[in-house]
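Undergrad: The hints should help you fit chain B onto chain A, whose structure is shown.
Protein sequence lines, in the order shown, are assigned to chains A and B.
In terms of our numbering, the first sequence opens at residue 41 and continues consecutively.
In terms of our numbering, the second sequence opens at residue 45 and continues consecutively.
If you are wondering where the hints come from, they were derived from the structure by calculation, not from laboratory data.
Any given hint could be a false lead.
Covered by chain A, per the in silico footprint, the following chain B stretches (three or more residues, Cβ under 8 Å) [to be verified]:
(1) 50-60
(2) 111-119
(3) 137-151
(4) 167-178
With a straight-line Cα cutoff of 25 Å, these simulated BS3-like cross-link-like pairs (lysine-lysine) come out [claimed, not checked]:
(5) Lys-55/B to Lys-141/A
(6) Lys-306/A to Lys-263/A
(7) Lys-71/B to Lys-123/B
(8) Lys-55/A to Lys-263/A
(9) Lys-54/B to Lys-71/B
(10) Lys-141/A to Lys-54/B
Computed spacing ranges between beta-carbons, pair by pair [as the list claims (entries may be wrong)]:
(11) Ala-246/A to Tyr-111/B: 26 to 34 Å
(12) Glu-281/A to Gly-110/B: 54 to 62 Å
(13) Tyr-99/B to Leu-53/A: 50 to 58 Å
(14) Glu-385/A to Tyr-111/B: 22 to 30 Å
(15) Ile-78/B to Ala-246/A: 48 to 56 Å
(16) Ala-246/A to Ala-107/B: 24 to 32 Å
(17) Gly-110/B to Pro-307/A: 45 to 53 Å
Backbone N, C-alpha and C fix where the C-beta goes; we use that ideal spot for every residue, glycine too.
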Amino acid sequence: MTEQPHTHEPVRLLKPEHPVGIVGYGAYVPRYRLPAREVARVWTDGTAGLPIIEKSVPGLDEDVATMSIEAARNAMARAQISPQELRAVWVGSESHPYAVKPTSTLVAEAIGAVPSTQAADWEFACKAGTEAMVAAMGFVGSGMARYALAIGMDTAQGRPGDALEYTAGAGGAAFVIGPAEESLAEIESSYSFVTDTPDFWRRQYAKYPEHGQRFTGEPAYFKHITSAGQAMLEATGTTPEDYAYVVFHQPNTKFPQRAGAMLGFKPEQIETGLLVPRIGNTYSGAAIIGLTAIFDIAKPGERILLVSFGSGAGSDAMVLRVTDKIAGKPGLAATTEDYIARRTEIDYAAYVRMRGKLEMK
Amino acid sequence: MDIPRHWRLKKQRYALVGEVCEHCDAKLFPPRDICPECGEEAKTLFQFSGKGEVYSYTTVYDAPEGYAEQAPYTLAMVKLAEGPLVTAQLTDLGEQQPAIGMPVEMVTRLLRSATDERGMLIYGYKFRPAVAQAG
Chain A
41 MTEQPHTHEP VRLLKPEHPV GIVGYGAYVP RYRLPAREVA RVWTDGTAGL
91 PIIEKSVPGL DEDVATMSIE AARNAMARAQ ISPQELRAVW VGSESHPYAV
141 KPTSTLVAEA IGAVPSTQAA DWEFACKAGT EAMVAAMGFV GSGMARYALA
191 IGMDTAQGRP GDALEYTAGA GGAAFVIGPA EESLAEIESS YSFVTDTPDF
241 WRRQYAKYPE HGQRFTGEPA YFKHITSAGQ AMLEATGTTP EDYAYVVFHQ
291 PNTKFPQRAG AMLGFKPEQI ETGLLVPRIG NTYSGAAIIG LTAIFDIAKP
341 GERILLVSFG SGAGSDAMVL RVTDKIAGKP GLAATTEDYI ARRTEIDYAA
391 YVRMRGKLEM K
Chain B
45 MDIPRHWRLK KQRYALVGEV CEHCDAKLFP PRDICPECGE EAKTLFQFSG
95 KGEVYSYTTV YDAPEGYAEQ APYTLAMVKL AEGPLVTAQL TDLGEQQPAI
145 GMPVEMVTRL LRSATDERGM LIYGYKFRPA VAQAG
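The following block holds chain B by itself, in its conformation from the complex:
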């Protein structure tokens, strides 16, 4: 089990914490320390808003090991409001059909349980249709 790997990724996984380039102001996710836009060093942490829209999506019926209990589920490329494209599951679709351009927001969810009931639980970001606010 990859305990150290999950532990290292917790900030980006739980809360969409990426980086901002001090040189060209590009927002980076996942964080990678070198700005892909201008090639300069980018190490300043940046909290993404979690807002975005569906850029493309697909539905997985034949899920890989560890995800079978959640199948079928929809994977999407989400264009974050701040720019980057992120691949993640869509959740809480209910009877809503996913669609390109659908406004979504980040939620922290259980990605999967480790292979048996004794293992650790792995949490991370997913996206769901934005909750309609009446007010």
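Isolated chain A (complex conformation):
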């Protein structure tokens, strides 16, 4: 395999004209959990190694629209602004309920943000949510809008018996992006690293995605995460010691742990945002729901590095600094841990039914 060409030009960070940050955040995780050992029991006689403990499974009446509405309501409860002040409602996902008809208008209608708003759906495998956040940074940072809502949410599907079935979970997060002076965390800068890499895809009309087996590791996940993370550290003149927390896209437990070690982070910096062992890979929601768990306990002045990853492939890196406006915010809505603690275990049979794998007609 050939090495991808490196650019030796200095990295140019994305920084808005006016400083921006996160004014409100909200998470959502469905109630049901499928232990990875259940998948192994059905497909490998229990012999497979388990990439996580269990994954979240949406109820029969849940999809990316309903889950986005709940995360958005939590974010609005913490932002304490009128929904009429939002000038964008953007939902990033690879499991939008409709092929054609926006999820975002439904979310905007449900939270009372219509009609004077931008609304659109974003897609970039697992980094559609952070892409919407970067767009919101520009939208607010240019002065065009005071507030924009960016959401990353997924109800991921894996083919029965496939490696992805152990981890493909459901959940995500919503963020109200606004002026830095009102923010619980300022987004100091962002940087994205993108190449055309065929590690994972789903063709139109295909129910389950395909993946490039081992190709999903080195040339895809690790290459993009570490390139974006390293470029961000160099361009900001920071080192891992400057960060209280780091959160990565998390398709399984090992990948983000190894990416963290490659960049020089310690396990305790990764631990808080590493939710994949308990809720699975929430795709567009994975890195950013980790960020919500960090906000739930973060202290003013702490720095956070977030690096997402989306197959196809690319990573968005963001440096955030928590402000004193974080005080009292976590308690204004259910925390991420509240949702993780709300847990009902199901077996493979119930999972098959709940994920629509039973033919009813």
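TA: Below, chain B without anything else, positioned relative to chain A:
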């Protein structure tokens, strides 16, 4: 398919938007423009909090067409914190048994998919046991 009917009801269905009577302050759901308490005109929109408690409930095993995929499910009369009684499905019960007096909160969920996979999806309010907040 009743596209216009679903479209007209979206505000009350998605977000529990009802009305408040300017004359006697009664909160109305569903919105009906005339206050049932005092008989005066009531057209001011009112956003309900979504909080309430189970007033009564029943479990449906033999579901009507369009709902069979979700059976068995529990239907409840929910007494909203602001007063009105609303009939809706309970969801996310998990292993919890429904009970009269159970505190519940509104969530927006998929009510049903239209009869085939080409049809529109219909969303609306349901209620679930309030999420326990540790903080």
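Undergrad: Against each hint, give a clear statement of whether it holds in the structure.
TA: Hints versus structure:
1. 50-60: Result for this restraint: holds, n = 4.
2. 111-119: holds (count 3)
3. 137-151: holds (count 3)
4. 167-178: It holds, with 6 qualifying residues against the three required.
5. Lys-55/B to Lys-141/A: With Cα atoms ~18 Å apart, Lys-55/B and Lys-141/A stay inside 25 Å; holds.
6. Lys-306/A to Lys-263/A: holds (19 Å)
7. Lys-71/B to Lys-123/B: holds (12 Å)
8. Lys-55/A to Lys-263/A: holds (24 Å)
9. Lys-54/B to Lys-71/B: holds (19 Å)
10. Lys-141/A to Lys-54/B: Given pair Lys-141/A, Lys-54/B holds - Cα atoms ~16 Å apart, limit 25 Å.
11. Ala-246/A to Tyr-111/B: 26 to 34 Å: Since the Cβ atoms of Ala-246/A and Tyr-111/B sit about 29 Å apart, the hinted range of 26 to 34 Å holds.
12. Glu-281/A to Gly-110/B: 54 to 62 Å: For Gly-110/B against Glu-281/A, whose Cβ atoms are near 58 Å apart, the range 54 to 62 Å holds.
13. Tyr-99/B to Leu-53/A: 50 to 58 Å: holds (56 Å)
14. Glu-385/A to Tyr-111/B: 22 to 30 Å: holds (26 Å)
15. Ile-78/B to Ala-246/A: 48 to 56 Å: The hint (48 to 56 Å, Cβ to Cβ) holds, given that Ile-78/B and Ala-246/A are roughly 52 Å apart.
16. Ala-246/A to Ala-107/B: 24 to 32 Å: With Cβ atoms ~31 Å apart, the hint holds.
17. Gly-110/B to Pro-307/A: 45 to 53 Å: holds (50 Å)
Every hint from the earlier list agrees with this structure, and none is contradicted.
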